[in-house]
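Just need the whole structure built from these sequences, with the hints factored in.
4 protein chains.
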Amino acid sequence: MSEEIVDRALRIPIRIHFGDTDPYGVVYFASYFKYCHHGIEAFLRHYGLPPHQYFRNPERGFGLPVVEATCQFLKPVRYGDELWLDVKVKDVKSKSITFEFSFYERENLQLVARGYVVIVAIDRSWKACELPQELRKIVEDMTP
Amino acid sequence: MSEEIVDRALRIPIRIHFGDTDPYGVVYFASYFKYCHHGIEAFLRHYGLPPHQYFRNPERGFGLPVVEATCQFLKPVRYGDELWLDVKVKDVKSKSITFEFSFYERENLQLVARGYVVIVAIDRSWKACELPQELRKIVEDMTP
Amino acid sequence: MSEEIVDRALRIPIRIHFGDTDPYGVVYFASYFKYCHHGIEAFLRHYGLPPHQYFRNPERGFGLPVVEATCQFLKPVRYGDELWLDVKVKDVKSKSITFEFSFYERENLQLVARGYVVIVAIDRSWKACELPQELRKIVEDMTP
Amino acid sequence: MSEEIVDRALRIPIRIHFGDTDPYGVVYFASYFKYCHHGIEAFLRHYGLPPHQYFRNPERGFGLPVVEATCQFLKPVRYGDELWLDVKVKDVKSKSITFEFSFYERENLQLVARGYVVIVAIDRSWKACELPQELRKIVEDMTP
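Residue numbers (our numbering), protein chains in the order written: chain P, -16 to 127; chain A, -16 to 127; chain R, -16 to 127; chain Z, -16 to 127.
A couple of the hints might just be wrong.
Identical copies look the same in the list; a pair holds intra-copy or inter-copy alike.
[Claimed, not checked] Listed next, the in silico SDA-like pairs over lysine to any residue satisfying Cα-Cα at most 25 angstroms (straight line):
#: 1; residue 1: Lys120; residue 2: Leu94
#: 2; residue 1: Lys58; residue 2: Asp106
#: 3; residue 1: Lys76; residue 2: Thr53
#: 4; residue 1: Lys76; residue 2: Val122
#: 5; residue 1: Lys73; residue 2: Gln55
#: 6; residue 1: Lys78; residue 2: Leu66
#: 7; residue 1: Lys110; residue 2: Gln93
#: 8; residue 1: Lys78; residue 2: Arg119
#: 9; residue 1: Lys110; residue 2: Asp(-10)
#: 10; residue 1: Lys110; residue 2: Val95
#: 11; residue 1: Lys76; residue 2: Glu65
Derived by calculation from the structure, the hints in this document are not laboratory data.
The model shown is predicted, which means the values in this text are computed figures rather than measured ones.
If you want it as structure tokens, here you go:
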């Protein structure tokens, strides 16, 4: 149940909680975007980068806001179901990273949702800037 | 559907959203505490105090964190149901306010939940301090 | 502060709540998808269709799950900011509707985020089916 | 980082996520109640009882809704902080269980919040009924 690297992806377990579903017990589409963010946090931690020092770093004067997010929902998932989330680096540019997210049923590894999230490095004035060096190196190593 | 003062309470409409229920379509108990907070925000706005300048005010050096919250859930409420929330000032001390929250079905005014939230004024070092004067005056006027 | 039709869009007010932001006070990207869903609910209500009878209707044997969602975040929005959300029908097919969402700062009508959500009509076995007639008529009338 | 039994309590790690804090980066009081629910879920799983078959069980005709919840917040916790949550059985009656929740900073084991949640067994008509036998046995064994 712990995380591991599978095919250049970080695979983490996702648990469906109360408050994550719609009133019919099916995972609410907005919850997948929270799981994607959990995936980025797990990715950063996996490589020794504490998320609370990377999403916003006042000392070094950078932040990493999300500028675009998209997801397709292929199959309903319900409270009690258990998922794997594979977090991959799809693309790296000098100032941005595109993460790819694939959600699988743990039981049969069937794909249930797939999405993308783009984060951009910004400076103190919210202008786009170069990614922090150590982060850039890590994500470039993970790019296919 | 807009707010009004009824018997020294501010009555506001509460709408149940996706993500507010448990997987069976019944409002998740944790959601009531969010509604209570919405109630305090509506209360502040009703008296001309912008919530974002009261929950934390760096210029004047105070904050109003919640230090205690309790709620009883008397009757299941479902997605599609519509509620009134009555926000009352139950008690005022020099450094704290106790709000009382009563949730009613709009259809028949049946009580479905009741709770309390205590907020305390703190200074820059998170020590309890006197409530802001203008807030104290308002809540004292609303005390039974 | 109430909703109105503006240029074939339903314009509704969006209030930023505690729990909607990231730890830095900026609206968390996942929250925009919740607001989009609130927008679809407001759209249904505006045309006399109760959301809790449309997202899932066991009697008539249909549901309207979200199959795709995407959003771009152009400008940070903070707790205390007030937004308009314009909900438009971008595209209607026999079994699906694409809604378009534009978020504006209320103060200056500057666009801060834009997104799309696709919902599909399904039958009891989660197979795609024709949209309910009355819904189809409404969204076709709103298509540009 | 995994769970363990400590002094008749189930100790689980709690991670603060985006969306769990207020706009100032301090954990929003309503989030603690979500963590309490996660604690009950972890407790059930620890004893081999799948939560999705216990909070509502249509086959056996029972449910376990929350009827009361209370929490005191002693110290601000921030995004990036790591907590332990100790889940204890405080009291068992024939139809209800009172769980006690103690939140500690992982770093120094300082208590930051403490709460209680009461769940009641109900039958198909939402009338209080006897707790499921196997659950009753487990919680009685955990009572101090």
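Up to 25 angstroms CA-CA - Gln55 versus Lys73, copy category:
both (16 angstroms within a copy, 18 angstroms between copies)
Please sort Lys58 with Asp106 into within, between, both or neither, judging by C-alpha distance up to 25 angstroms.
between (39 angstroms within a copy, 14 angstroms between copies)
Reference check for the pair Lys110 and Val95, CA-CA at most 25 angstroms: within, between, both, or neither?
between (36 angstroms within a copy, 15 angstroms between copies)
Given a CA cutoff of 25 angstroms, do Lys78 and Arg119 count as a within-copy pair, a between-copy pair, both, or neither?
within (9 angstroms within a copy, 43 angstroms between copies)
If the cutoff is 25 angstroms on CA atoms, where do Lys76 and Thr53 land: within, between, both or neither? Let me know, please.
both (19 angstroms within a copy, 21 angstroms between copies)
Checking Lys76 and Glu65: alpha-carbon separation at most 25 angstroms within a copy, between copies, both or neither?
Neither. Shortest intra-copy (33 angstroms) and inter-copy (32 angstroms) distances fail the 25 angstroms Cα cut-off.
25 angstroms Cα cut-off: does Lys76 pair with Val122 within a copy, between copies, both or neither?
within (10 angstroms within a copy, 40 angstroms between copies)
Using 25 angstroms as the alpha-carbon threshold, which applies to Lys110 and Gln93: within, between, both, or neither?
Close across copies (18 angstroms), not inside one copy (40 angstroms); limit 25 angstroms.
Could you figure out if Lys120 and Leu94 sit no more than 25 angstroms apart (CA to CA) within one copy, between two copies, both or neither?
Classified as neither; 29 angstroms inside a copy, 34 angstroms across copies.
State whether the alpha carbon distance between Lys78 and Leu66 is at most 25 angstroms within one copy, between copies, both, or neither.
neither (31 angstroms within a copy, 28 angstroms between copies)
Alpha-carbon proximity context of Lys110 and Asp(-10), limit 25 angstroms
Neither: 34 angstroms inside a chain and 33 angstroms across chains, both beyond 25 angstroms.
This entry does not satisfy hints 1, 6, 9 and 11, going by the numbered hints stated previously.
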